[in-house]
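Protein chains in written order, with the working numbering: chain A, 41 to 532; chain B, 41 to 532; chain C, 1003 to 1454; chain D, 1003 to 1454.
Keep in mind that the hints were calculated from the coordinates and are not lab data.
Be careful, since some hints might not be right.
[What the hints assert, rightly or not] Taking lysine to any residue and the SDA-like style, the derived pairs with C-alpha atoms no more than 20 Å apart in a straight line are:
#1 D:K1039 with B:G289
#2 B:K165 with D:E1031
#3 B:K66 with D:V1371
#4 A:K290 with C:S1024
#5 A:K290 with C:V1292
#6 B:K290 with D:E1031
#7 B:K290 with B:A498
#8 B:K159 with B:L75
#9 A:K220 with A:E193
#10 A:K517 with C:S1024
#11 D:K1288 with B:R520
#12 B:K165 with D:P1044
[As the list claims (entries may be wrong)] Some chain C residues well away from chain B (every beta-carbon gap over 10 Å; in silico):
#13 S1057
#14 D1125
#15 N1384
Model, not experiment: these values are computed from the prediction.
Quick reminder that beta carbons are idealized off the backbone N, C-alpha and C, glycines included.
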Amino acid sequence: MLIYEKSQAGRRSISQAPITSTTNTKVSDIPEGLLRKKKAALAEVSEMQVVRHYTNLSRRNFSIDTQFYPLGSCTMKYNPRGAHKSAMLPGFLGRHPLAPESQSQGFLACMYDLQEILKEVTGMKGVSLTPMAGAQGEFAGVAMIRAYHDAREDFERTEILIPSAAHGTNPATAVMCGYKVREIPVDKNGDVDLAALKEAVGPETAGLMMTNPSTCGVFERSIKEIASTVHEAGGLLYYDGANLNAILGKVCPGDMGFDVMHMNLHKTFATPHGGGGPGAGPVGVGERLLPYMPTPIVGKESVDGKDVYRWLDEKDIPQTIGRLSTYMGNAGVLLRAYYYARLLGREGMHRVAEYSTLNANYMMKRCENAGFELAYPGRRATHEFIITLSSQAKNLGVNAMDFAKRLLDYGYHAPTTYFPLLVPECWLIEPTETESPDELDGFVEAMIQIQKESEENAEMVKGAPYNQTVRRLDDVKAARELDLKWSPAQES
Amino acid sequence: MLIYEKSQAGRRSISQAPITSTTNTKVSDIPEGLLRKKKAALAEVSEMQVVRHYTNLSRRNFSIDTQFYPLGSCTMKYNPRGAHKSAMLPGFLGRHPLAPESQSQGFLACMYDLQEILKEVTGMKGVSLTPMAGAQGEFAGVAMIRAYHDAREDFERTEILIPSAAHGTNPATAVMCGYKVREIPVDKNGDVDLAALKEAVGPETAGLMMTNPSTCGVFERSIKEIASTVHEAGGLLYYDGANLNAILGKVCPGDMGFDVMHMNLHKTFATPHGGGGPGAGPVGVGERLLPYMPTPIVGKESVDGKDVYRWLDEKDIPQTIGRLSTYMGNAGVLLRAYYYARLLGREGMHRVAEYSTLNANYMMKRCENAGFELAYPGRRATHEFIITLSSQAKNLGVNAMDFAKRLLDYGYHAPTTYFPLLVPECWLIEPTETESPDELDGFVEAMIQIQKESEENAEMVKGAPYNQTVRRLDDVKAARELDLKWSPAQES
Amino acid sequence: MPYIPHTDEDVKAMLDTIGVNSIDDLFDEIPKDILAKNFDIPEGISEMEMMRLMSERAAADSNVSCFIGAGAYEHHIPAAVWDVVSRGEFLTAYTPYQAEASQGTLQVIYEYQTNMANLTAMDVSNASLYDGGSGMAEAALMAIRANKKSKSRKVLVPRTISPLYRDTAHNIVTNQNIELVDVNFDSEGGNTTLENLKQYEGEDFAALIIAQPNFFGVLEDVNELTDWAHANGMLVIAVVNPISLALLTPPGEWGESGADIAIGEGQPLGVPLSSGGPYFGFICCKQKIVRQMPGRIIGRTVDMEGKEGFTLTLQAREQHIRRSKATSNICTNQGLVMTASTIYVALLGADGLSLVAEACHENTNQLSVLLTSLEGVETAFNRPVFHEQVLRLPVSSESVLEKLAEARIQGGIDLSTYYPELENCVLFCATETKTNDDLVAYQQALASVLAS
Amino acid sequence: MPYIPHTDEDVKAMLDTIGVNSIDDLFDEIPKDILAKNFDIPEGISEMEMMRLMSERAAADSNVSCFIGAGAYEHHIPAAVWDVVSRGEFLTAYTPYQAEASQGTLQVIYEYQTNMANLTAMDVSNASLYDGGSGMAEAALMAIRANKKSKSRKVLVPRTISPLYRDTAHNIVTNQNIELVDVNFDSEGGNTTLENLKQYEGEDFAALIIAQPNFFGVLEDVNELTDWAHANGMLVIAVVNPISLALLTPPGEWGESGADIAIGEGQPLGVPLSSGGPYFGFICCKQKIVRQMPGRIIGRTVDMEGKEGFTLTLQAREQHIRRSKATSNICTNQGLVMTASTIYVALLGADGLSLVAEACHENTNQLSVLLTSLEGVETAFNRPVFHEQVLRLPVSSESVLEKLAEARIQGGIDLSTYYPELENCVLFCATETKTNDDLVAYQQALASVLAS
Ligand SMILES: Cc1ncc(COP(=O)(O)O)c(C=O)c1O
Ligand SMILES: Cc1ncc(COP(=O)(O)O)c(C=O)c1O
């Protein structure tokens, strides 16, 4: 039931109404013609109704706090409650984004420290925290590549190369930065097709965007050759940090030859996904792109032997690509990431890559042993791996989506399905380092069960899910008969 | 699954381990013979496992935040989130109970204000906040009655009179205060049997404990005659405030003739029940019992024109019955109640009684119209009312418990069943004022459905519940084969 | 090992299953020479130590009385909002890709879309953008795609729109050779007049952006401006404060036919100031251009048994399907904050939002009266305002604000940083959180600063 | 109307259904002359106003460095504890009377019972009592019921037990003519010796209570004392700090056959100081006297289909069944706080609890060294302590503590209030939350107080 269907004209959460001052002039100074005529159609409900409604809605979600959620490419790891609590401290919540620097030293110190840590663990020379998600980090990165070429008056470079396994944000970003996209194929081992790359690079190449490990769940072994190929052609290398969890502390993108990158702090640095956001996508840059970093950035000075932090902006970074958000980005997310980084510390960073890789390889092996087909059987898993359910789809009529829906009934969130696009009927499985082997085992057992069910009663599996609050939904109807908001007329 | 069954030796929530100082002397100064030999058998789990385990456990509960919960005598009303938040302010959480008064003025001011408000709305002359629940409030009250008689050297009074409808805490309390209990019957209209009372009072009567409205859900009409009967015999009147919600702001217990009372702040003042507690059971007293109030109490003085609050103890109240808790009681609960009282304010208090009474009478009427049998058909409901399912039990074989279990499947918590004991197959239904008529209607509809189900398929109803996380539990086995804790041996 | 549950035995058993000797063996496809060395970062600390550090740093920035607005406002947020939002099932879920396991989040978004569409009186809303400034960039891009009548890659942007929005939007759209053309404002009224627009008549622009209230708090004549834009073949993009919509004409009703796109900063709806984020941008539009909308959209549908349910829809606009031809690159949005706003709006209702808007407006007016009673202090513009105001001081606003800050009063922002012509001007607001004592304290502090 | 959802139309429709004209008609059975008049209490205020008032009052009492223990300890509480406990389903549920709809709470209690039984090495635990002091009263009453060999209504209570506990317990049991008999302590050791007990040999007492560590932080020779009591026909009631049990011999293993009942204050296990409550009392006992246990107990059982489940059991001990013959009048207990402790214990585990205990012990020792390095400051007793310590100052402890408080250091409690013989003595502790800087700050403050 929608909140509007619980509404009753005149009902109110009265304790939330501010007491208006005694003057009672109200809004008589605003011209009549600029005032709203009809009250907005919003719910009129009591405070308890609101709490009950949204509490019950929350109970209709899978989440990390309630389930194993091995969604590939999404890094659904534990989101420390301490991080949430510390970012929700009244002092942080209450700080206005335009508060004077003199009354912002606590917050700025956190941001400065975070910049430094991220620089160090990525092997980059500068970090700007401002992008508000991975995709905006990509935008910042490609915009800097463009600023770099422009500054050299190298205006011919109109193309960004992108391996076909890449996430959709990569080509979309390149276009938002005014580039054409050229796709580079991936070979049967999940590696970039080097020959094709060499053919593609040239004077129009502004840069290459890629992740490593790629979304195929394998480490790009020829990364150094790829890097030199692009660099020799005068292009720059962009690292999509969505998969940073696989190498955190083990390999620095800077050392692989990347010139610029973003980090998805909501993945690698454990800030909660919030049912779709917010995230934070700081960008790191090598030497060459330092002058173009997006503002604001936090700088540190020593004044009378005391550290003083201040905002750096166009005045300090005259060639900057500028601000990308109204203020400074998703500060609250950054505070959570800072908390997480400090708790891991020097000796904790590399364990992220190690244990996420251990979990993925263990699950991969168990899947293989159970008879599931790996997309890249000869390869090590990184922090994630792919199985393909093509033979199940062909022989039993049960496809990757059916398997996924049935898995929900077993209490596990489904892995990423049908991505990357180049592997048919695929599941991209990412367990993350924070899951215990018991959970991994339980998941594989469920898969084995579903395989058995598919062999014995495919129709049953194709009708899944059964235990959720709704059965399988009609997506086609949703798109054809658009119903995007409740309206009073429609209901009464 | 129990948390111990998810445990793995050596697993830890390491970020919760305190860093021990550098000295590393550990506990070498403690004699070997006083040290523990074998590590306690507790779970060894990760932080995420803990969060997931207890989050999922919480999801196996009905609660006010998720359901209508009309449990009679329990006043399951909305617990304002603002009250919770304000009691959880770090400044309040961090205050040590023995902190100096000079650094406790904020907290003491809240407590003083609360005392004053409670005094005013109950018509009492003094209030002590210290009792930690209703039952402890009763204890404080009866102990004061005893102290009063003792001070007058009136040692003959060895009995407390208690109507048979009373809650079990009343007789249990009387005994804890060293009294014998004499039960007074209740007549068929739910009123105390006046004749029986008159027969029972005498020189052994220390006092009478009762609620009004009684647990029969009706207002005791002869309250003034009851009061004078007891008073004339030299006894005092104790008011069990568990039903205060029914009369808050409409009738002051002091005006009904009661000498002493407790309030269940976790009922009437909306502090959360927490799955069983904590509560707070402040006691209010009339003139005669002022000298005996339990300590500590907060006093106010004016120092240089400024309000200064301080603790009053035996030095100030030499005849006090003394402290009943290690410190001052359930401070955090009291803060929540204070919040609630301030939000209601002068003009909000009486609405509690009005709207809880309106809801109960509305539901009672709807139940009656639907054919359910009222226990006291000629009477007004107060904030609660009783129906009896005897005819269903006799004619259909479906008893009050079966009805209750089936109701769970409809998403409503069951009312109180089989209490008070004097009404057979009874349901005590208390909707509270914070529920909207929609919820009340939904509940009655469900009852009508269950009635129909009982007529059509009694066995089905007797097998309920079906939609909960477990089916009906075997209480007999629980009591016969006591299994009161998990132990490693038992499981492996 | 923080947050890693593995025991030594676990690791051994897992390595055995995999058939390798050590975890390092799992990295054997990585060229040795790029393996990382030790990092120069602090050692890990415990939650206890970190909480103390964070508490101290948070405390350092608190105990201030804030009168800064400029697009982010200090409103009271009911305790229920973040208590419910912080439930693990909202906080730690991903984007609702498996609809059946995500009905909670999906229904919340559907309700959010309804709230925003109804507040703005537009047909549809998406599921959120990053924030107001970047939202304006998306709106400009959308307008250029949607305005089939125009071939222009230019958009008219009055200077009365937040300089931070203009800057942000410019930086985002400029790479696609899109130009945001400044429109000057009336120096008396602080608003955009037809006079200011006259010079652009007859030229091809994809859209005109109109902010209501504008950055100065001044109310624009939105009906006149909307009609002018439509008459000149431009779409209208409204930039609005959602709290104001409880009182002011919603964009869908501006002029003859309403704005085409409405965007804004969602922060006022239950989102803490929090140094500037996470906030959320909202974007609403007319039904006919919904397929040009960036970001996620949720639709109501039914399941196999005909039961109502919610799911992601119109995904063919999005980057994960359409890739380089997508309407935007946005993927992760501001889901949780949008959830907070949905709860906030449910708690307040239309009447509650009106009261908040009125209280802010009154407090700001009240403060304005108090401050202009001081010698030499006057309002900078003569048009009606909503809930924010520009004052001109007799001396440098920068130094006045610095001195106020020493008294722990954040008195507003120095407008001359963004508008050289507005020397000595301060933009301030007083929301419903301010008491009369707070207002008087500001007045007294300013009086003593001006006297010194 | 705060928290009341009814609209005018609702009320009208409901009154119509009932068949009365007004709400007041529903009160027509109440004698008119006792209807209440107006109250002299403040008008209702909004959540916003109240939050501000409460924030200001809470802030007034903060920013102190607390070295007070005396039964309530400032420990670090992992953020996860109260985040999970504050979930509506835990916070706003009632006592689990409908077991099938309350499996969450019931399983938590079963796990809690397990934790407490295993920590104390006792057979069984109940579901919580109010707090430590009132718990000691319940334990004394229980011992008198359970000790079939004794006819006595007297219990031996060493003066090394918290005076607050003794006071509380006395006030609760005295009405049943039960006497708590003081036992003196050794003035050198600060502990209870066989010497102190000798005079009671041969007399009939129902029980001896033993605190470990005792109120002074001093470690009692619990094995010797337990055996002495058992040899003299008394039951043994242990009063213990649950954090200490990670390190110290648990009551179930004291002496030859262990304590019979173990109780204590649960606060150290994840419960904030919060001015003294809500905390929770725990009580554990040997299996053979479980039917004398006060309060709720949860048992594991199965449902109709054989599936594991949890339910209230042994209710025949409780007031709602047994009424005047119940083991106690307790009804509402401390459920939510007990839930917090269950989550805390799960997060820490036995190893984590040990580390907390060690850190507290070390910090206290460290502080003790720092303070006794000052002229004239010395430890009052010569026995080993755990995590708390008594110091004797060269001057009045009351005035020293007052002056420390001015420097916002709460240096401990003045023991002379409770023990006239312990003039100038201060009881203090330094938990794991204290850093070395905190300890040094105390030392320096004390040094300057003593110098002045
Ligand atoms: C490989 C990859 N790249 C980029 C992104 C985009 O990041 P964001 O969603 O934070 O914008 C994602 C997110 O899912 C991703 O998986
Ligand atoms: C009528 C009545 N009296 C007394 C009590 C005891 O109050 P408490 O549970 O707070 O001890 C209750 C509690 O259920 C009750 O309903």
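Structure-based check of each hint:
A hinted pair counts as satisfied when its Cα atoms are at most 20 Å apart, and K1039 (chain D) with G289 (chain B) qualifies at roughly 8 Å. Restraint check for K165 (chain B) and E1031 (chain D): not satisfied, since their Cα atoms lie roughly 27 Å apart, outside the 20 Å limit. With a C-alpha separation of about 15 Å, the suggested pair K66 (chain B) and V1371 (chain D) falls inside the 20 Å cut-off, and the hint holds. Restraint check for K290 (chain A) and S1024 (chain C): the C-alpha separation of about 15 Å stays at or below 20 Å, so the hint holds.
Taking the CA atoms of K290 (chain A) and V1292 (chain C), the gap is near 45 Å; set against the 20 Å cutoff, the hint is violated. Proposed proximity of K290 (chain B) and E1031 (chain D) is supported: the alpha carbons are some 12 Å apart, at most 20 Å. As the CA atoms of K290 (chain B) and A498 (chain B) are separated by approximately 44 Å, the hinted pair breaks the 20 Å bound. Note on K159 (chain B) and L75 (chain B): the hinted pairing is violated, with a Cα-Cα distance of about 51 Å set against a maximum of 20 Å.
For the given pair, K220 (chain A) sits about 18 Å from E193 (chain A) by alpha-carbon distance, which is consistent with the 20 Å threshold. Proximity of K517 (chain A) to S1024 (chain C) is assessed by CA-CA distance (about 51 Å); at most 20 Å being required, the pair is judged violated. For the hint linking K1288 (chain D) to R520 (chain B), the alpha-carbon distance of about 17 Å falls within 20 Å, and the restraint holds. With a CA separation close to 18 Å, the supplied pair K165 (chain B) and P1044 (chain D) stays within the 20 Å bound.
Under the 10 Å C-beta cut-off, the non-interface status given to S1057 (chain C) relative to chain B is violated; the minimum distance is some 8 Å. Its beta-carbon lying about 30 Å from the closest one in chain B, D1125 (chain C) satisfies the requirement of being farther than 10 Å from that chain. Taking the minimum C-beta to C-beta distance to chain B, about 41 Å, the non-interface status of N1384 (chain C) holds against the 10 Å cut.
The structure fails to meet hints 2, 5, 7, 8, 10, 13 from the earlier list, while all remaining hints are met.
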